[in-house]
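Asker: Chain by chain, the residues:
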Amino acid sequence: MTSIPYTPALAPPETYLNVSYRVRSWLLTADHKRIAILYMISITLFFFVGGAAAVLMRLELMTPQGDLVRAETYNKLFTIHGVMMVFFFLIPSIPAVLGNFLVPIMIGARDLAFPRLNLLSWYLYMIGGCFALGAMILGGVDTGWTFYTPYSSSFSNTNVALTIVAIFINGFSSILTGLNFIVTIHKMRAPGMYWSRLPLFIWSHYATSLIFVLATPVLAITLVLVAVERLLRVGIFDPALGGDPILFQHLFWFYSHPAVYIMILPAMGVVSEIVPCFAHKRIFGYGMIAFASLAIAVLGFLVWGHHMFVSGQSIYGGMIFSILSFLVSIPSAIKVFNWTATLYKGSVDLRTPMLYALGFIGLFTLGGLTGLIVATLAIDVHVHDTYFVVAHFHYIMVGGAVMAYLGGIHFWWPKITGRMYPEWWGRFSAFLIFVGFNLTFFPQFILGYLGMPRRYYAYAAEFQVLNVMSTAGASILGLGYLLPLCYLIWSLFYGKIAPINPWGAAGLEWQTSSPPPTDNFDQTPVVVDEAYAYDKIEVPSA
Amino acid sequence: MPDDAAVAGEVARGDDSALTPQQRRAQSRPASAHLVAPRHHRPHVKHQFDTLAQQHEADTLGMWAFLATEVLFFGGMILCYTVYRGVYFKEWHNGSRILDEFEFLGISAGAWNTAVLLTSSLTVALAVRAAQLGRREQLIGLLLATMALGAAFLLIKAMEYRNDYHEGLVPGWPFHPDPRLLEPGVRMRPFELFWSFYFVMTAVHALHMLIGLGLFTYLIVQAWRGKLTREHHMPVEIIGLYWHFVDLVWIFLFPLLYLVR
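Line by line, the protein sequences are chains A and B. The first sequence finishes on residue 542 if you use this note's numbering, and the numbering steps up by one all the way, no holes. The second sequence finishes on residue 261 if you use this note's numbering, and the numbering steps up by one all the way, no holes.
Bear in mind the hints are in silico, worked out from the structure with no lab data behind them. Everything numeric in this text was worked out from a predicted model, so none of it was measured. Glycine included, every Cβ here is placed at the ideal spot set by N, Cα and C. Watch out, some of these pointers could steer you wrong.
[Stated by the list, open to error] Examples of chain A residues toward chain B, derived with CB under 8 Å:
id, residue
1, Val55
2, Ala113
3, Leu179
4, Val183
Construct the entire structure; sequences and hints are all you get.
Answerer: Dropping the structure here:
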């Protein structure tokens, strides 16, 4: 299980990357690793589109009065930001890039169960993404990413229909990815890869896939009904026509709250891989972490009503949803405690992925604890629709999901590309992102608590200092995101050749070459040990 | 071995020369403790699977997972429909009655359609059996029978739609129902809402039927060319599962739309 130094052969070994250089071999590939790369490039594109909208918003919010953009433009900016980041970056980020690449390799399979369906997922994602970009270019949408009715169905005269089509199509991409993962994890495990030996990354992707398959169709049908209402002017959700807007919110959040767990569960999977590797220690509480992933997925389906505490939902409904939301904190805390216990007495190596993972643990804990605050009925009446909520979910989605995505990208970069990234730059940008993130979003907790509402382009003058801090943080954060883009691309050409197992990590993916061959393994591996047998691996001396 | 590589090439991966570099690479690979024998490809086994049985299990589970998605998709609509049935009881009652009163030979069109679709489930089940036994002619015959029944369902549905159109019951075209159809106290907006749900639910169901008919056409072509054999009958089973599900959706839609008052 120890790493063996890389010996360059005379002819470079054939890998999934150099098997063919034709454009066709990429666009029509059925190889899960190549599809992962296609996803990586496309989600990066959408990330920077959504990020550009955020930059403009933060610039507008430098001053209390609306001076940079008009109110309508600001509404369109936060809609673009939300739609791009939620549907086209966060939801596919870890599952479609790292999951696609790693799920088959980690369980010792040659590919996903349905490779062509996997390629179809990417095309659906791209078609959806083009529709969304088209809606933007043709003038944008101003409903927010939540499409609340009746505004979205009866009043907004922007490109709502086109955006709905985009998200509808993109939903099928998610469903197919989830379906593919479920079948692959059930049916494609290598001999000896029992459920009790599955890496926690796999467990969290299994839980995520259940949400993909069971929640996404509800969003799809809801959007169909909104489109029907817009088209035929019938009152499904518009109260003026006899419909019920709260029903829309129920249906929308029945998808969109579990969707939050689509974003965070895979991130937890990434952290569960990185922490034991750089603590050089077995993961603590394997069974509980795996169980907690499933528990979060199941509980996630029962808490949607906490988005409607002030929407006119019954007070008893609110109380039940409040209690159920508190319950989510139990499996979440189990995970945090287990990662911490893994660190305890480990020989902790603060490399780039580990910095991201530690950042994740801290920021996720803050985001989770503020989640308890907004889940409390009485306090939520006060902070609902303020910047407190904005800060809370950015701590989960950016501090949690994006940190873990970047950590995972750095951790598996040698495996994916066969090159090492520059370590110093990696640590520097992880530090920059951590500082920038906190400077951006921590002031927003205070702003929200003081009563600044979200989704306005102008605000009272007393909030300016904190807003300027937030904008300053956002510029640091933006730089922090641009740096990895630069040095990771640089490393593709000039990075050190990566050995098979640069980190001394356990897990099947570290036993095949970097980058792996098209079939992942020359021969089907037989698993004889758990995924975290770090007691049997020497600490590498680098 | 070269033959095996050719079979793997079916899946459009372009790795027909994969063997030599594999051997080369093996030298720079850590020796895992235990390794099983290299895989051997058999016809109909796709490259990512080890055995035909594994592939069959994966295909079946894949379809079941897809059907789980579909349950939630239709479930969202059925939820909305049921909520409004409670809110606008009179209008829903009126709409249901109108639907149920459109008859052929004294039996409502919805009941006819239920009978037609249940029979088609029988023919599909028999087609799966025929495929498992490798009876090609029987398989083609049963698939054609299923398609005929599916087409009959859509025809009956189309006649219902035509009738609804003539009575001004199509929302937004504009909606102007014959006043004789209205029961006392029925309000126009909620009544229109009933018809919106009726059309959305039945249209989405009909769309699934159309996809099913397309899939059966594919199966018939495959069977005609002799591609479906005793060993390779999985497509019939998978598409059969789908068809049973579409049938089952109707088993829920029929009472909800026509019978429950």
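Asker: Are the hints correct? Go through all of them and say.
Answerer: Evaluation of the provided hints:
The closest approach between the C-beta of Val55 (chain A) and any C-beta of chain B is roughly 36 Å, which is over the 8 Å cut-off, so the hint fails. Because the closest C-beta pair between Ala113 (chain A) and chain B is about 4 Å apart, less than 8 Å, the hint holds. The restraint placing Leu179 (chain A) at the interface with chain B holds, with a minimum CB-CB distance near 5 Å, inside the 8 Å limit. Against a cut-off of 8 Å between C-beta atoms, the interface hint on Val183 (chain A) holds, since the closest Cβ of chain B lies about 5 Å away.
The structure fails hint 1 only (numbered hints given earlier).
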